[in-house]
Amino acid sequence: MNPNDSDASRFTSATTDRRGERDLDLLLVHVARGDTEAFETVYDRLAGPVYGVIRRVLRDPSQSEEVTQEVLLEVWRTAARFDPAVGGAATWVMTIAHRRAIDRVRSTTAAADREHKTAEVHTPHDEVAEAVQASLDAERVRRCLDGLTDVQRESITLAYYGGYSYREVSDLLKVTLGAIKTRIRDGLIRMRDCLGVS
Amino acid sequence: MRLLRHDLHSLSGAYALDALEPGAERDRFTRHLSRCPSCASEVRGFREVATAMAFATAAEPPAGLRDRVLAAAARTRQVPPEVRTHARPRRTRTWTPWVPWLSGVVATASIVAAVLFGFAQAHTQDELNQVRAENQAISLLLSAPKAKLLTYPVTHGGLATVVLAADRHELAVVTTGLPALPAGKVYQLWLIGKPKITSAGLLPPAKDGQTPAVLATGVAKGDALGLTVEPAGGSAQPTTKPILALPLPV
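Residue numbers (my numbering), protein chains in the order written: chain A, 1 to 198; chain B, 1 to 250.
The following block holds chain A by itself, in its conformation from the complex (with noise of 0.2 Å):
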């Protein structure tokens, strides 16, 4: 671990330059105020990462294509909600986008569904590597997500793309409990380190 490890607002700062994330705040203080013009370019800039990780996490692409339009209405909606000083407006629209994607896995019409997925979960590591696009982030996420042991990388791709609780994952990788969310807290300051040195 470097000395860095805890100050997340170094790495905040780092991928915020990579992404051009400080245009993409201006752009939702803008869209806050009713800027649509401003809209259409957040929507561009952030639609193909919000439908593709819904799309990971659900896998039903009408379901998936549903939930991304609530989640950038919400985007729309909720922009004066946003505060740049907690985090990046990429961030933050993923978080929403993340969890919307959750709470329909979990909802009960999601229940028959994922039956299914459970069965379907081998290799998710495999799945991240076909998944993943040639694009710089992807190739960025690969290498960190390779760096770390097959238990952080599974129980990390499990949670985030499978949507998959601690819980589930625990079971699923026969690993207990404790274990899990420490080897998912260790996976993810491994990453951060590593996304964070680019």
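Keep in mind that a hint or two might mislead.
What the hints assert, rightly or not - Derived contacts from chain A toward chain B, CB cut-off under 10 Å, selection only: (1) Arg-33; (2) Asp-44; (3) Ala-90; (4) Trp-92; (5) Arg-99; (6) Cys-144; (7) Tyr-161; (8) Glu-168; (9) Arg-192.
Hints were generated in silico from the structure; no laboratory data involved. No residue lacks a Cβ here, since even glycine has one placed at the ideal position from N, Cα and C.
Once you have looked at the hints, place chain B on chain A.
Relative to chain A, chain B alone:
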């Protein structure tokens, strides 16, 4: 089960990935988070990691989604910027306990907006006091850690947004874009349970297409939220076919 502080702290990763199931454990961690700046900072860092993971799995959204989102935005009222600057000092106190929590759960913003409209519509001190009392109940509901947001389309147009606090057996409802009703008709909410159907109140008149939040209590397991059109003053039991029947995950 009591958790040691260290165990609680180690949940930061699972929490940041939305991998804590709704329940006592997540509630405890959420409470802990508000008192632990280093945990909050760690969660922020982890969310940045998650964001990179989302970008890594970006996919081309379906054709037509852009137009639909932009069209929907054009008809959707935004949450007013900066509640604090708009609220008078007395009102600010009302918001203080729960606004920080809300900023984390932005999905409830439409309810907040509706609460604010309630204030905007109150003209007299009595009205204001009543709105304030209702809002206190709604703000308690919104601050319930297990509160869950449901959005559902209404037959013939419009959306119902529900914040459900299953553990408190309460919910708040806001609607947007419901068709205007002819004179002498009202929208009435129902809790539709297996043994019986009970009224959950009338929807107040809409302002800019949105109805102020309505609080319903006594939500029981297996209930669905129903909405019907009834004669002015409401009915004891529904007299028309529900235009909304939203199963409530209680």
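### Message
Please list, smallest to largest, the hint numbers that this structure does not respect.
### Response
none
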